[in-house]
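Enquirer: From just these sequences and the hints, can you work out the full model?
Sequence lines, in order, name chains A and B. Sequential numbering of the first sequence, starting at 1, is according to our numbering. Sequential numbering of the second sequence, starting at 1001, is according to our numbering.
Simulated from the structure, these hints should not be mistaken for laboratory data. Glycine included, each C-beta is placed from N, C-alpha and C at the ideal position. There's no promise every hint is true.
[Unchecked claim] Mimicking SDA-like on lysine to any residue, the simulated pairs with C-alpha atoms at most 20 angstroms apart in a straight line are:
1) B:K1014 to B:D1098
2) A:K3 to B:S1043
3) B:K1041 to A:S61
4) A:K3 to B:T1114
5) B:K1014 to B:T1075
6) B:K1041 to A:P40
[Said to hold, decoys possible] Across the chosen pairs, the derived CB separations fall in these ranges:
7) B:H1085 to A:E14: 39 to 45 angstroms
8) A:S41 to B:E1087: 28 to 34 angstroms
9) A:S41 to B:S1073: 25 to 31 angstroms
10) B:K1014 to A:N57: 20 to 26 angstroms
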Amino acid sequence: DAKTTQPNSMESNEEEPVHLPCNHSTISGTDYIHWYRQLPSQGPEYVIHGLTSNVNNRMASLAIAEDRKSSTLILHRATLRDAAVYYCILRDSSNTGKLIFGQGTTLQVKP
Amino acid sequence: GAVVSQHPSRVICKSGTSVKIECRSLDFQATTMFWYRQFPKQSLMLMATSNEGSKATYEQGVEKDKFLINHASLTLSTLTVTSAHPEDSSFYICSARDGTVNTEAFFGQGTRLTVV
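Expert: Below you can see the structure in the form of structure tokens.
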């Protein structure tokens, strides 16, 4: 499975934008880039996913590098409720579609 | 968004007994479900992939006779931890998707298992 590399932790101030980076230099042409987040004692929650083009939804934006070897999750205005572990995952392009989680980035949001 | 429900959310059992955890997709048909385990301060570890009507595929190092998975319908998968021991205490999470590989996955809220 293609691997991703993320910083262990990041801090942000409330109401400021947050850019969470992810490196995936071994990505294959058919791998989708997925982002999930997990709040304490909860199951992960879907945030966003994309293939080649940048993507926006109500939660976040995903900026994908032209060579697809890296991507950035952008939270436009961090709130305290955005404090979580954020996982960048390459979706297995085989038929199973399983998600293999790395260590993720723990985001702290300061008031 | 789609909802995946796990039951129970917390369970305490005695060492040597078996525990069943249910995972249901409430508003879509889940052809594939995944079971994960998460120890404190660690990431999720995939245990197995189950497809409706067929045997589960277990990840390397996961004992299939200890962690029994049944996916008898398109909306229900169960994980049974047999002969549980304290080291099986963990947070168990299921995930489900519909037939499309590259849509988002939906996760249950997790089951906290404590074996005493």
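Enquirer: Give a verdict on every hint.
Expert: Structure-based check of all given hints:
1. Taking the CA atoms of K1014 of chain B and D1098 of chain B, the gap is about 36 angstroms. The hint is violated against a cut of 20 angstroms.
2. Restraint check for K3 of chain A and S1043 of chain B: satisfied, since their Cα atoms lie roughly 14 angstroms apart, inside the 20 angstroms limit.
3. Restraint check for K1041 of chain B and S61 of chain A: the C-alpha separation of about 27 angstroms exceeds 20 angstroms, so the hint is violated.
4. Between K3 of chain A and T1114 of chain B, the direct Cα distance comes to roughly 32 angstroms. Violation of the 20 angstroms bound is thereby established for this hinted pair.
5. A hinted pair counts as satisfied when its Cα atoms are at most 20 angstroms apart, and K1014 of chain B with T1075 of chain B does not qualify at roughly 29 angstroms.
6. In summary, the hint linking K1041 of chain B to P40 of chain A is supported, as the alpha carbons are separated by about 10 angstroms, within the 20 angstroms threshold.
7. For the pair H1085 of chain B and E14 of chain A, the supplied restraint of 39 to 45 angstroms holds, since their beta-carbon distance comes to about 44 angstroms.
8. Between S41 of chain A and E1087 of chain B the CB atoms are about 20 angstroms apart, so this pair departs from the stated range of 28 to 34 angstroms.
9. One distance hint, 25 to 31 angstroms for the beta-carbon pair S41 of chain A and S1073 of chain B, holds here, with the actual separation near 28 angstroms.
10. Taking the beta carbon of each, K1014 of chain B and N57 of chain A are about 45 angstroms apart, not inside 20 to 26 angstroms as hinted.
Against the hints set out earlier in the document, violations occur for numbers 1, 3, 4, 5, 8, 10.
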